[in-house]
Amino acid sequence: NAGVTQTPKFRILKIGQSMTLQCAQDMNHNYMYWYRQDPGMGLKLIYYSVGAGITDKGEVPNGYNVSRSTTEDFPLRLELAAPSQTSVYFCASSQQGSGNTIYFGEGSWLTVV
Amino acid sequence: AQRVTQPEKLLSVFKGAPVELKCNYSYSGSPELFWYVQYSRQRLQLLLRHISRESIKGFTADLNKGETSFHLKKPFAQEEDSAMYYCAPHTGNQFYFGTGTSLTVIP
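Taken in sequence, the protein lines are chains E and Y.
Using the numbering used here, read the first sequence as starting at 1 and increasing by one per residue.
Using the numbering used here, read the second sequence as starting at 1001 and increasing by one per residue.
Accuracy of the hints is not assured; some may be wrong.
[Claimed, not checked] As a list, the in silico SDA-like pairs of lysine to any residue whose alpha-carbon atoms are at most 25 Å apart: (1) E:Lys44 x Y:Gln1045; (2) E:Lys44 x Y:Glu1079; (3) Y:Lys1009 x E:Thr86; (4) E:Lys44 x Y:Ala1017; (5) E:Lys44 x E:Ile12; (6) E:Lys44 x E:Glu72; (7) Y:Lys1065 x Y:Asn1093; (8) E:Lys44 x Y:Leu1011; (9) E:Lys44 x Y:Gln1042; (10) E:Lys9 x E:Pro75; (11) E:Lys57 x Y:Lys1065; (12) E:Lys57 x Y:Arg1003; (13) Y:Lys1073 x E:Asn100; (14) Y:Lys1057 x E:Gly3; (15) E:Lys44 x Y:Met1084; (16) Y:Lys1073 x Y:Arg1003; (17) E:Lys44 x Y:Tyr1027; (18) Y:Lys1057 x E:Pro61; (19) E:Lys57 x Y:Phe1014; (20) Y:Lys1073 x E:Thr101; (21) E:Lys44 x Y:Phe1014; (22) Y:Lys1009 x E:Gly107; (23) E:Lys44 x Y:Gly1029; (24) E:Lys9 x Y:Tyr1039; (25) E:Lys44 x Y:Ser1082; (26) E:Lys14 x E:Gly3; (27) E:Lys44 x Y:Gly1016; (28) Y:Lys1022 x E:Met41; (29) E:Lys57 x Y:Asn1093; (30) Y:Lys1022 x E:Asp38; (31) E:Lys9 x E:Gly58.
[Unchecked claim] What the simulated footprint calls covered on chain Y by chain E, stretch by stretch (three residues with Cβ under 8 Å from a Cβ of chain E suffice, anywhere in the stretch; the number is not a length): (32) 1010 to 1016; (33) 1037 to 1047; (34) 1084 to 1094.
Since the hints were derived computationally from the structure, they do not count as laboratory data.
Note that CB positions come from ideal geometry on N, CA and C, so glycine has one too.
Next up, chain E with everything else stripped away, as it sits in the complex (with noise of 0.2 Å):
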């Protein structure tokens, strides 16, 4: 019963390097969603898809992309890693908008140097 899955768990990135976190979900959820979790600021929005194909910004999304070519599949890409990118980042997933529930991932730490 995966759920939810993240990888990688750990990283740390160079100033100006790219790197794609990896998200994918088995529960044919139509909603996914990226969040950064960063100490004393709890959840921040990046990106949300509602669909394949569909993907929309949330609060901070600056330096970050994402794409949604499958339903299970939506990874989050950094381009030109900057120190404020690090944080913890958690993918999600839920079977519609508002009103279900989301469903998370176990977090991936990123630091960047």
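Starting from the known structure of chain E, arrange chain Y on it as the hints suggest.
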């Protein structure tokens, strides 16, 4: 702008004491209201949702539309309740979370 406020970043109570975690929101329309919890070394998970009107692990949450609040309450706190709690009013395509309250239950 949509906003959700959890005024206490840190909250400590003694075991057996009542606990209340506050949540105030300012959303247009009628959001669906949730509380999510993150225990140490576990993923964030749903605790309860307003529409279900249920009690989970002894916790309840009452929606006060007049005050736009959705406070989480438990009459007798237990040590295993120590965790991070997030209030989450969601409406339309607005899936925002509060800043969270870290609850510590002191033995």
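Now for the hints, and whether the structure bears them out:
no.	hint	verdict
1	E:Lys44 x Y:Gln1045	holds (16 Å)
2	E:Lys44 x Y:Glu1079	violated (28 Å)
3	Y:Lys1009 x E:Thr86	holds (21 Å)
4	E:Lys44 x Y:Ala1017	violated (32 Å)
5	E:Lys44 x E:Ile12	holds (21 Å)
6	E:Lys44 x E:Glu72	holds (22 Å)
7	Y:Lys1065 x Y:Asn1093	holds (21 Å)
8	E:Lys44 x Y:Leu1011	holds (22 Å)
9	E:Lys44 x Y:Gln1042	holds (19 Å)
10	E:Lys9 x E:Pro75	holds (14 Å)
11	E:Lys57 x Y:Lys1065	violated (29 Å)
12	E:Lys57 x Y:Arg1003	holds (17 Å)
13	Y:Lys1073 x E:Asn100	holds (22 Å)
14	Y:Lys1057 x E:Gly3	holds (23 Å)
15	E:Lys44 x Y:Met1084	holds (15 Å)
16	Y:Lys1073 x Y:Arg1003	holds (21 Å)
17	E:Lys44 x Y:Tyr1027	holds (17 Å)
18	Y:Lys1057 x E:Pro61	violated (36 Å)
19	E:Lys57 x Y:Phe1014	violated (42 Å)
20	Y:Lys1073 x E:Thr101	holds (20 Å)
21	E:Lys44 x Y:Phe1014	violated (31 Å)
22	Y:Lys1009 x E:Gly107	holds (21 Å)
23	E:Lys44 x Y:Gly1029	holds (21 Å)
24	E:Lys9 x Y:Tyr1039	holds (18 Å)
25	E:Lys44 x Y:Ser1082	holds (23 Å)
26	E:Lys14 x E:Gly3	violated (31 Å)
27	E:Lys44 x Y:Gly1016	violated (33 Å)
28	Y:Lys1022 x E:Met41	holds (16 Å)
29	E:Lys57 x Y:Asn1093	holds (11 Å)
30	Y:Lys1022 x E:Asp38	holds (21 Å)
31	E:Lys9 x E:Gly58	holds (23 Å)
32	1010 to 1016	violated (count 0)
33	1037 to 1047	holds (count 4)
34	1084 to 1094	holds (count 7)
In this structure, the earlier hints numbered 2, 4, 11, 18, 19, 21, 26, 27 and 32 are contradicted, and the remaining ones agree with it.
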